[in-house]
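Protein sequences appear in the order of chains G and Y. Start counting the first sequence at 1; every next residue gets the next number (the numbering used here). Start counting the second sequence at 1001; every next residue gets the next number (the numbering used here).
Treat each hint with caution, since some may be false.
Claimed, not checked - 25 Å max Cα-Cα, derived SDA-like pairs, lysine to any residue:
{"hint": "1", "chain 1": "G", "residue 1": "Lys363", "chain 2": "Y", "residue 2": "Lys1518"}
{"hint": "2", "chain 1": "Y", "residue 1": "Lys1066", "chain 2": "G", "residue 2": "Ile371"}
{"hint": "3", "chain 1": "G", "residue 1": "Lys213", "chain 2": "Y", "residue 2": "Tyr1109"}
{"hint": "4", "chain 1": "Y", "residue 1": "Lys1296", "chain 2": "Y", "residue 2": "Glu1279"}
{"hint": "5", "chain 1": "Y", "residue 1": "Lys1088", "chain 2": "G", "residue 2": "Thr267"}
{"hint": "6", "chain 1": "G", "residue 1": "Lys358", "chain 2": "Y", "residue 2": "Phe1214"}
{"hint": "7", "chain 1": "Y", "residue 1": "Lys1268", "chain 2": "G", "residue 2": "Ile130"}
{"hint": "8", "chain 1": "Y", "residue 1": "Lys1525", "chain 2": "G", "residue 2": "Phe97"}
{"hint": "9", "chain 1": "Y", "residue 1": "Lys1296", "chain 2": "G", "residue 2": "Ala218"}
{"hint": "10", "chain 1": "Y", "residue 1": "Lys1296", "chain 2": "G", "residue 2": "Ala324"}
{"hint": "11", "chain 1": "Y", "residue 1": "Lys1157", "chain 2": "G", "residue 2": "Leu356"}
{"hint": "12", "chain 1": "Y", "residue 1": "Lys1519", "chain 2": "G", "residue 2": "Leu356"}
{"hint": "13", "chain 1": "Y", "residue 1": "Lys1330", "chain 2": "G", "residue 2": "Thr144"}
{"hint": "14", "chain 1": "Y", "residue 1": "Lys1088", "chain 2": "G", "residue 2": "Asp212"}
{"hint": "15", "chain 1": "G", "residue 1": "Lys200", "chain 2": "Y", "residue 2": "Arg1290"}
{"hint": "16", "chain 1": "G", "residue 1": "Lys290", "chain 2": "Y", "residue 2": "Leu1076"}
{"hint": "17", "chain 1": "Y", "residue 1": "Lys1296", "chain 2": "G", "residue 2": "Leu129"}
{"hint": "18", "chain 1": "G", "residue 1": "Lys358", "chain 2": "Y", "residue 2": "Leu1152"}
{"hint": "19", "chain 1": "Y", "residue 1": "Lys1131", "chain 2": "G", "residue 2": "Trp345"}
{"hint": "20", "chain 1": "G", "residue 1": "Lys213", "chain 2": "Y", "residue 2": "Phe1121"}
{"hint": "21", "chain 1": "Y", "residue 1": "Lys1277", "chain 2": "G", "residue 2": "Pro123"}
{"hint": "22", "chain 1": "Y", "residue 1": "Lys1333", "chain 2": "G", "residue 2": "Arg100"}
{"hint": "23", "chain 1": "G", "residue 1": "Lys219", "chain 2": "Y", "residue 2": "Ile1288"}
{"hint": "24", "chain 1": "Y", "residue 1": "Lys1088", "chain 2": "G", "residue 2": "Ile322"}
{"hint": "25", "chain 1": "G", "residue 1": "Lys358", "chain 2": "Y", "residue 2": "Leu1156"}
{"hint": "26", "chain 1": "G", "residue 1": "Lys364", "chain 2": "Y", "residue 2": "Val1075"}
{"hint": "27", "chain 1": "Y", "residue 1": "Lys1296", "chain 2": "G", "residue 2": "Ile63"}
{"hint": "28", "chain 1": "Y", "residue 1": "Lys1525", "chain 2": "G", "residue 2": "Arg100"}
{"hint": "29", "chain 1": "G", "residue 1": "Lys364", "chain 2": "Y", "residue 2": "Asp1535"}
{"hint": "30", "chain 1": "G", "residue 1": "Lys358", "chain 2": "Y", "residue 2": "Leu1076"}
{"hint": "31", "chain 1": "Y", "residue 1": "Lys1330", "chain 2": "G", "residue 2": "Ala132"}
{"hint": "32", "chain 1": "G", "residue 1": "Lys213", "chain 2": "Y", "residue 2": "Gly1120"}
{"hint": "33", "chain 1": "G", "residue 1": "Lys358", "chain 2": "Y", "residue 2": "Lys1169"}
{"hint": "34", "chain 1": "G", "residue 1": "Lys213", "chain 2": "Y", "residue 2": "Asn1412"}
{"hint": "35", "chain 1": "Y", "residue 1": "Lys1333", "chain 2": "G", "residue 2": "Ile130"}
{"hint": "36", "chain 1": "Y", "residue 1": "Lys1066", "chain 2": "G", "residue 2": "Gly362"}
As the list claims (entries may be wrong) - Pulled from the structure, derived: some chain Y residues nowhere near chain G, Cβ distances all over 10 Å:
{"hint": "37", "residue": "Arg1052"}
{"hint": "38", "residue": "Lys1066"}
{"hint": "39", "residue": "Asn1094"}
{"hint": "40", "residue": "Lys1118"}
Just so you know, the hints here were simulated from the structure itself, not pulled from any lab data. Model, not experiment: these values are computed from the prediction. Virtual Cβ for every residue (Gly too), placed ideally from N, Cα, C.
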Amino acid sequence: MGLASLSANLLLVSFIAYLVATLFFGGAVKGAKSEASYRNHRWGNVGITITIIGFITHLGYFITRWIASGHAPVSNMFEFTTAFGMMLVGSFILLFFLYRTPSLGLFALPIAIIIIGYASMFPREITPLIPALQSYWLTIHVITAALGESILAISAVAGLIYLVKNIDMTKPSRQRFWIEAVMFTVVLVLGFVLSSTTFKLTGYEAHFTYIDKNQAPAKIEYNYPPLFGMHEYEAQTPEAMTPWAEMPAIVNAKTLTTFVWSIATGTVLYLLLRLIFRKPIAAIFQPFAKKANSQLMDEIGYRSVLIGFPVFTLGALIFAMIWAHEAWSRFWGWDPKEVWALITWLFYAAFLHLRLSKGWEGKKSAWLAVIGFVIIMFNLIAVNLIIAGLHSYA
Amino acid sequence: MSKIKCQCGHDNPFGTVLCEKCGRPMTEEAKNSEVVDMRYEGSARRSQTYKRSIIDKIWNFFSSVKIGVSIIVAVLATSAIGTLFPQKFYVPVNQDSPSELLAYYERLYGFVGTLYYKLGFYDMYNSWWFKILIGMLGTSIIIASVDRVIPLYKSLKKQRTKRHPSFMKRQRIYGVGHSENADESLAKAEEKLKELKYNVKTENGAILAEKNRFSRWGPYINHTGLIIFLFGILLRGIPGFYVDQTMWIREGELRSIPGAPGYYLENKDFSMELYSKEEADEVFGTAIDRVGTIVKSYQTEVSLYKTKEDNLPGSTDLEHIKDYPIIVNKPLKFDGYNIFQMDYRQDELKSMTMELIEKETEKSYGQFTIDLDNPEGVYELNDGARVDLIGYYADYDGVENGEPVSKSPIPNNPAFIFNMITPENPKGEKSFVAIRQTLETQENVNKVKFVGAETRDISGLTIRKDKTLYVLLFGGLIFMIGVIQGAYWNHRRIWIQKGEGEELLVAAHTNKNWFSLKKELNAVKDVAGLPKYEDRQDNESSTEEEEGEK
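Extracted from the complex, chain G is given alone in its bound form (with noise of 0.2 Å):
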């Protein structure tokens, strides 16, 4: 078995571990009556235990990439995303041993295992690096900026905890709604995950050739049934469908195509998930977070944007402008990428001051947490899959 292989075995076993580490800590925080009597509870040591496995086969799957390749692992979607997964599970078994509360494994497990899921969907080769990226400023840039995020990433899984546990579900208000929204995002991302799947095991292609919008003829294979066209798109493959609409230029019609099938499954997952649990998707959660301690999770949740912000500075800010210029010429280009970048650590500076100085805890904080993971996300998948920029990495 060649080392490329083991790596990809090495994933799926981590992958595994996390999916059943999440259902003892789920007996964990069930069985026991508050956070003060689960603190060492049997089930939640076995999760934690099957957790830290899972953690240290994922870092062998980094670990035997990075030597198969030849470089760290975190040179496209796949890779940023499945070691952003990793890190966040590393950040939460650390806050695991800082505060033992198996709630916040219950809830940070579940979304370690979507992000792994929506890494996979991605090209999963081993890709040689082009010159752009040939530097040992790969390593230190991507590795530090994902740790950073991975971090201030567990502290929307505290404010989630906290909203979910404290937000009245029983009747209509706005903070409801917005967090069945939260919700339903993520039951987009399975939807996503679920789409792809079918149709790559399905084995769908489709040709066209299309005028790309610096008018220069250009080919894409698309993965899904194609539902918008590109830019003066021509089929060249019969048998696949014929598109419903051709987009203007600009638009990437397959991403487009991606997006809508996969909103389409989500949607019809969720409203699935609402005909069979006959209540909105964060009060099935309820129950679990009640059982977590609100101040603990305040403290968490800002601790960890505490211990994050540095290290996303560094990583994200400091080391990006150090690198941009022995790559780029220039510290900072106002690149798409870039730009995200300052807007979360502006984004986070301002939860900072809003905490420090204007007071805002419990939920205030808690949405501002959660606010914040949304724009690490955009940043990730937005930006790179359609603003693009220098970065664009898929």
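Using the hints provided, position chain Y relative to the given structure of chain G.
For chain Y alone, kept in the frame of chain G given last:
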């Protein structure tokens, strides 16, 4: 303004909320509050005290965190809007032509694109309002920091060990209870607190244990770092601090380096390498198959020269300094300058070889080569024949007013007018020759035939000199120190003192991370038998702990 005298005898500056020394509440509001606001130790901040003159108003405006956060959000929002469509400098049209820019945004983004252009969002980060926002942010950082750091420093310096009970009672963590042997408790607590690495001070029956006060300065240090950084960016406006030039240099060319007077660069060879399935590592096979071509490197081999020091002005004697292969991520560095591999163009025409022949017999008078950068006027051939080059259009773009025109001096589409002179035609015949095209004014006997061409590559290089980088890096470093200092340590204080009779009072405060403070306080409580305390902002865990103990 007058001082406020506290009952303990200390003179507090006007505007003080809590006495700097003993902590007694000085204002009605503080006296009525259950838990007092400890954020700046209840010290007298200028912004909270003086509100009359215009200067006061400006000061108060910028020192407000609400305003500061609003400015942050404004910068954040404008930055985000700027990423909606590509900014001006990423748009592949003539940067100085408003009409071309507008046409570009209109063509690709329609009405919204036009609006984006008209509102100036296409050049967001150079717009005056964005610069004003950044300026306001800088002002706010300075004023808000000064407004807080000085009074905070003073009151932390003056704080007394023994506090007034009214101060203790208004802390978030507070407990009072009967103690059998208060002195013994205090002694044990002191020992335990020292073990927990607290600085312990005592004053007749009172303990003040304090830890990591330096973390309180973190925010002000990181703000200083930000100010240094912003200052560094301002410095770029000063001539000589900052050079940003580009140059296109052909293989074989020697050119002076723009922005770096006295320096010359020779392009010896440009090369672009692709990953090939045969040579690249086996694991890359699938990726190369899927993507097609993946570039491995862009490289320009250069020689750097400098005019000799003792040269007379105008002389061009050059001194060879070094040879260097510039690749992406490895710029050529000299004398504060960096030269980066940024762009390339391959296969530009360098020279064309032509042949003069008699049309009918295909008899050749010989070949000649035209150097497209520097074409000669006359090419002597065999048998007394010759070709005069009487017109050269490097980038031929059709005929205007009966004259051929050239779009640019770059030989993208060279065209020539030749006068062909042979012994049979001593007066010569004129012929216009372009790529795949020959025009004649009358039927000619001879013609110039294209034989071959030589090409070369051009490297696009960027020349940078940035003296401000060290200032920026220094600012970044200070910021990191400050932010780590403020984020990874917490300022904790625990007060224990004897109250009325056999009572013991306990209070504690931290700027953040109450969970850990309580853990330490619990350890001290267990050893020293301190009274039970209460966290007035976390009723849940107090009740939970009771549950846990059951």
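Hints, verified against the model:
A hinted pair counts as satisfied when its Cα atoms are at most 25 Å apart, and Lys363 (chain G) with Lys1518 (chain Y) qualifies at roughly 23 Å. For the given pair, Lys1066 (chain Y) sits about 19 Å from Ile371 (chain G) by alpha-carbon distance, which is consistent with the 25 Å threshold. As the CA atoms of Lys213 (chain G) and Tyr1109 (chain Y) are separated by approximately 11 Å, the hinted pair is consistent with the 25 Å bound. Annotation: proposed proximity of Lys1296 (chain Y) to Glu1279 (chain Y) holds, straight-line Cα distance about 11 Å (limit 25 Å).
Proximity of Lys1088 (chain Y) to Thr267 (chain G) is assessed by CA-CA distance (about 38 Å); at most 25 Å being required, the pair is judged violated. Proposed proximity of Lys358 (chain G) and Phe1214 (chain Y) is supported: the alpha carbons are some 22 Å apart, at most 25 Å. Between Lys1268 (chain Y) and Ile130 (chain G), the direct Cα distance comes to roughly 23 Å. Compliance with the 25 Å bound is thereby established for this hinted pair. A hinted pair counts as satisfied when its Cα atoms are at most 25 Å apart, and Lys1525 (chain Y) with Phe97 (chain G) qualifies at roughly 23 Å.
For the hint linking Lys1296 (chain Y) to Ala218 (chain G), the alpha-carbon distance of about 23 Å falls within 25 Å, and the restraint holds. For the hint pairing Lys1296 (chain Y) with Ala324 (chain G), the CA-to-CA distance comes to about 19 Å; that is within 25 Å, so the pair holds. For the given pair, Lys1157 (chain Y) sits about 22 Å from Leu356 (chain G) by alpha-carbon distance, which is consistent with the 25 Å threshold. Between Lys1519 (chain Y) and Leu356 (chain G), the direct Cα distance comes to roughly 22 Å. Compliance with the 25 Å bound is thereby established for this hinted pair.
Taking the CA atoms of Lys1330 (chain Y) and Thr144 (chain G), the gap is about 22 Å. The hint holds against a cut of 25 Å. Under the criterion of a C-alpha separation no larger than 25 Å, the hint pairing Lys1088 (chain Y) with Asp212 (chain G) is consistent with the structure, at around 20 Å. With a C-alpha separation of about 15 Å, the suggested pair Lys200 (chain G) and Arg1290 (chain Y) falls inside the 25 Å cut-off, and the hint holds. With a C-alpha separation of about 35 Å, the suggested pair Lys290 (chain G) and Leu1076 (chain Y) falls outside the 25 Å cut-off, and the hint is violated.
Distance hint between Lys1296 (chain Y) and Leu129 (chain G) is fulfilled; the C-alpha atoms sit about 7 Å from each other, no more than 25 Å. The hinted pair formed by Lys358 (chain G) and Leu1152 (chain Y) meets the criterion: a straight-line CA distance of about 17 Å does not exceed 25 Å. A hinted pair counts as satisfied when its Cα atoms are at most 25 Å apart, and Lys1131 (chain Y) with Trp345 (chain G) qualifies at roughly 19 Å. As the CA atoms of Lys213 (chain G) and Phe1121 (chain Y) are separated by approximately 21 Å, the hinted pair is consistent with the 25 Å bound.
About 18 Å separates the Cα atoms of Lys1277 (chain Y) and Pro123 (chain G), which keeps this hinted pair within 25 Å; it holds. Note on Lys1333 (chain Y) and Arg100 (chain G): the hinted pairing is violated, with a Cα-Cα distance of about 52 Å set against a maximum of 25 Å. Proposed proximity of Lys219 (chain G) and Ile1288 (chain Y) is supported: the alpha carbons are some 17 Å apart, at most 25 Å. Restraint check for Lys1088 (chain Y) and Ile322 (chain G): the C-alpha separation of about 24 Å stays at or below 25 Å, so the hint holds.
A hinted pair counts as satisfied when its Cα atoms are at most 25 Å apart, and Lys358 (chain G) with Leu1156 (chain Y) qualifies at roughly 21 Å. A C-alpha spacing of about 21 Å is found between Lys364 (chain G) and Val1075 (chain Y), which places the hinted pair at or below 25 Å, so the restraint holds. Restraint check for Lys1296 (chain Y) and Ile63 (chain G): satisfied, since their Cα atoms lie roughly 23 Å apart, inside the 25 Å limit. For the suggested pair Lys1525 (chain Y) and Arg100 (chain G), the alpha carbons sit about 22 Å apart, so the restraint of at most 25 Å is met.
The hinted pair formed by Lys364 (chain G) and Asp1535 (chain Y) meets the criterion: a straight-line CA distance of about 21 Å does not exceed 25 Å. Only pairs whose Cα atoms come within 25 Å are accepted, and Lys358 (chain G) paired with Leu1076 (chain Y) is accepted, the gap being roughly 19 Å. Proximity of Lys1330 (chain Y) to Ala132 (chain G) is assessed by CA-CA distance (about 10 Å); at most 25 Å being required, the pair is judged to hold. With a C-alpha separation of about 22 Å, the suggested pair Lys213 (chain G) and Gly1120 (chain Y) falls inside the 25 Å cut-off, and the hint holds.
Taken as a hint, the Lys358 (chain G) and Lys1169 (chain Y) pair is honoured in the structure, with Cα atoms around 23 Å apart against an allowance of 25 Å. Distance check on the hinted pair: Lys213 (chain G) and Asn1412 (chain Y) sit about 24 Å apart at the alpha-carbon level, within 25 Å; holds. Between Lys1333 (chain Y) and Ile130 (chain G) the CA atoms are separated by roughly 22 Å; this keeps the pair inside 25 Å, and the hint holds. Between Lys1066 (chain Y) and Gly362 (chain G) the alpha-carbon distance is near 19 Å, which keeps this suggested pair within the 25 Å criterion.
Every C-beta of chain G lies more than 10 Å from that of Arg1052 (chain Y), the closest at about 24 Å, which supports listing it as non-interface. Interface exclusion of Lys1066 (chain Y) from chain G breaks down, the closest Cβ pair being 7 Å apart, not more than 10 Å. Non-interface status of Asn1094 (chain Y) relative to chain G is upheld: no Cβ of that chain comes within 10 Å, the nearest being about 15 Å off. Against chain G, the non-interface label of Lys1118 (chain Y) holds: every CB pair exceeds 10 Å, the least being about 18 Å.
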